[in-house]
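Student: Letter by letter, the chains look like this.
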Amino acid sequence: MRRSTRQRLVRWVMYAIFVIAVVLVIVSADWARLQQQFFDPALAAEQFPEIITIALKNTLLFTVIAFAGGLVLGVLMALMKLSSIGPYRWFATAYIELFRGLPALLTIFAFAFILPIAFGVRLPGGAVGAGLLGLVAVASAYMAEVIRAGIQAVPKGQTEAARTLGMSPAKTMLWVVLPQGFRITIPPMTNEFVLLLKDTSLVYIAGSTVMTKELTTFARDSATTNANGTTLVMAAMLYLLVTVPLTRLVAVLERKMARAR
Amino acid sequence: MSSDLTTRAADTPAPGTPAIEIRDLHKSFGDVEVLKGIDLVIRQGEVVCVVGPSGSGKSTLLRSVNLLEEPTGGQILIEGVDILDPDVDIDRVRTRIGMVFQQFNLFPHMTVLRNLTIAQEKVLGRRTTEARKVAQEMLDRVGLGERGSAYPSHLSGGQQQRVAIARSLCMNPDMMLFDEPTSALDPELVGEVLQVMQDLAKEGMTMMVVTHEMGFAREVGDRLLFMDGGVIVEEGVPADVLARPRHERTQAFLSKVL
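Taken in order, these protein sequences are the chains called A and B.
Counting in full-length UniProt numbering, the first sequence runs from 1 upward without gaps.
Counting in full-length UniProt numbering, the second sequence runs from 1 upward without gaps.
These aren't lab readings, by the way, just hints derived from the structure by calculation.
Warning: the hint list may mix true and false statements.
[Claimed, not checked] Cross-link-like lysine to any residue pairs, in silico, SDA-like; alpha carbons within 20 Å at most: (1) B:K122 <-> A:T159; (2) A:K171 <-> B:R126; (3) A:K156 <-> A:V177; (4) A:K256 <-> B:Y151; (5) A:K156 <-> B:D91; (6) B:K122 <-> A:S168; (7) A:K171 <-> B:L68; (8) A:K256 <-> B:T111; (9) A:K171 <-> B:P108; (10) A:K156 <-> B:M110; (11) A:K171 <-> B:V88; (12) A:K156 <-> B:L62; (13) A:K171 <-> B:G125; (14) A:K171 <-> B:M110; (15) A:K156 <-> B:S183; (16) B:K122 <-> A:Q158; (17) B:K122 <-> B:N172; (18) A:K171 <-> B:K122; (19) A:K171 <-> B:R114; (20) A:K57 <-> A:Y239; (21) A:K256 <-> B:S153; (22) A:K171 <-> B:L113; (23) A:K156 <-> B:E70; (24) A:K171 <-> B:L67.
[What the hints assert, rightly or not] Computed spacing ranges between beta-carbons, pair by pair: (25) A:L76 <-> B:T72: 33 to 43 Å; (26) B:S153 <-> A:A251: 17 to 27 Å; (27) A:G101 <-> B:K36: 43 to 53 Å; (28) B:A150 <-> A:I26: 50 to 60 Å; (29) B:S28 <-> A:V72: 39 to 49 Å; (30) A:K256 <-> B:G80: 44 to 54 Å; (31) A:P103 <-> B:S149: 46 to 56 Å; (32) B:R244 <-> A:A258: 52 to 62 Å; (33) A:E254 <-> B:K256: 40 to 50 Å; (34) A:A153 <-> B:G204: 40 to 50 Å.
[To be verified] Partner residues aside, some chain B positions facing chain A, computed with beta carbon under 8 Å: (35) N66; (36) L68; (37) D91; (38) R94; (39) T95; (40) F101.
Please read these numbers as outputs of a predicted model, since none were measured by experiment.
All residues carry an ideal CB built from backbone N, CA and C; glycine is no exception.
Only chain A is shown next, with the shape it has when bound in the complex:
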């Protein structure tokens, strides 16, 4: 047998084994029970409109708040970590290590219960609001490192050119370094956004009411109440409905920016 013929044969055999395995898994599943337990059309219909107007809305709202807050604090922490002033650097390092090192669930829990006791304040949104601040802290710790790397990736000549034109260090950062640094951070920031979207499901630990349920909590409660997983499947599809178009969109954006450079 010729070498190319043998190679083609091996490829076909591997492909056949793969297809057979997939078909076996599909066929061996109990589709009748699956449909009854996870694809119940009547129960699915019952979830509207709350699964959109409350659950999805809260998921998106929590994500946007955590992302925006994380971005602002993240830039601040990145700048502090790159500062020439020691105490700023030490604070930023401690902050990042702390909130990156703790499980998000624990941080949210801590913020929800420690903040109100420590400062005697009631945040807008109550315990959920405080818990969200925990998610902001987690997000900012990750973003700070991404932004720091982005800033450091901007060539030194850019800073020199800006300073030579008379720009102060602050103006140089604002107009020359940060805009270029942000471009570099778009892929990891997209990643961070998707991670945050999923981590909003942890906010339930702060205690959720009917109006503050996000997708996962909403679906889990529905699954428990009805002893049926249909809502979980719906929630899963809604997550993907947000994340997949988003990542596609960012990919297109990136290609466009690569061309502009």
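Keeping the supplied structure of chain A fixed, place chain B upon it in accordance with the hints.
Tutor: Then chain B, alone, in the frame of chain A:
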């Protein structure tokens, strides 16, 4: 903008004041001393070319003039003002000293026009319309009046370097520093950049040029400095130094590059 004009007028030095005066300048990177006591006076309107082997300290000397490198000792006077005095606003001094880099260092995220207007607006406080007018004027001057809307990456190296020169000129500097402005260019693009520099020199700009272009030094330079080992080994009228180098090290260097 009359206030801008009056403050600039106040900055203008007396006619006899040297543009750049350097006294016993020292610079060390760690244990390595790269400048070992440089004394140099550059008159207003003078074009001084600095040549020397790599590692001779010529770039460090140039970068010290606008404090991109912080000297470890000595004095630097720009138009009579000691810029190492901690009370001096270095950002303000730098607007009077244009600088052109080997790698151009244009801002890649901005159009050519924006490259030229950003510092005018954010540093000099000029209005957008005025900044654009100045920018267009300078782009015309370097022969790139049509390319204002392009991004730097769409330009050739020679064009990018001309834009970089125009960007510096937009600040109305009293003097220009050039750090090997043609070393990163393909040979066929060197001429257009040297031409722009020659035009500048003719118009009376004070220039300090670190270069390997001996032809340019001979044609355009008023004075040639040869540096080696952190000191100025020899200086004089370019044609003389190039034709009859007195010092052994100058002879050795020139025999390799000419």
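Student: For every hint, state whether the structure bears it out.
Tutor: These are the hints, each one checked on the structure:
| no. | hint | result |
| --- | --- | --- |
| 1 | B:K122 <-> A:T159 | holds (15 Å) |
| 2 | A:K171 <-> B:R126 | holds (15 Å) |
| 3 | A:K156 <-> A:V177 | holds (9 Å) |
| 4 | A:K256 <-> B:Y151 | holds (14 Å) |
| 5 | A:K156 <-> B:D91 | holds (18 Å) |
| 6 | B:K122 <-> A:S168 | holds (10 Å) |
| 7 | A:K171 <-> B:L68 | holds (17 Å) |
| 8 | A:K256 <-> B:T111 | holds (16 Å) |
| 9 | A:K171 <-> B:P108 | holds (17 Å) |
| 10 | A:K156 <-> B:M110 | holds (17 Å) |
| 11 | A:K171 <-> B:V88 | holds (19 Å) |
| 12 | A:K156 <-> B:L62 | holds (17 Å) |
| 13 | A:K171 <-> B:G125 | holds (13 Å) |
| 14 | A:K171 <-> B:M110 | holds (15 Å) |
| 15 | A:K156 <-> B:S183 | holds (18 Å) |
| 16 | B:K122 <-> A:Q158 | holds (16 Å) |
| 17 | B:K122 <-> B:N172 | holds (15 Å) |
| 18 | A:K171 <-> B:K122 | holds (8 Å) |
| 19 | A:K171 <-> B:R114 | holds (15 Å) |
| 20 | A:K57 <-> A:Y239 | holds (12 Å) |
| 21 | A:K256 <-> B:S153 | holds (14 Å) |
| 22 | A:K171 <-> B:L113 | holds (19 Å) |
| 23 | A:K156 <-> B:E70 | holds (16 Å) |
| 24 | A:K171 <-> B:L67 | holds (18 Å) |
| 25 | A:L76 <-> B:T72: 33 to 43 Å | holds (34 Å) |
| 26 | B:S153 <-> A:A251: 17 to 27 Å | holds (21 Å) |
| 27 | A:G101 <-> B:K36: 43 to 53 Å | holds (50 Å) |
| 28 | B:A150 <-> A:I26: 50 to 60 Å | holds (56 Å) |
| 29 | B:S28 <-> A:V72: 39 to 49 Å | holds (41 Å) |
| 30 | A:K256 <-> B:G80: 44 to 54 Å | holds (51 Å) |
| 31 | A:P103 <-> B:S149: 46 to 56 Å | holds (51 Å) |
| 32 | B:R244 <-> A:A258: 52 to 62 Å | holds (54 Å) |
| 33 | A:E254 <-> B:K256: 40 to 50 Å | holds (47 Å) |
| 34 | A:A153 <-> B:G204: 40 to 50 Å | holds (41 Å) |
| 35 | N66 | holds (6 Å) |
| 36 | L68 | holds (6 Å) |
| 37 | D91 | holds (5 Å) |
| 38 | R94 | holds (5 Å) |
| 39 | T95 | holds (4 Å) |
| 40 | F101 | holds (6 Å) |
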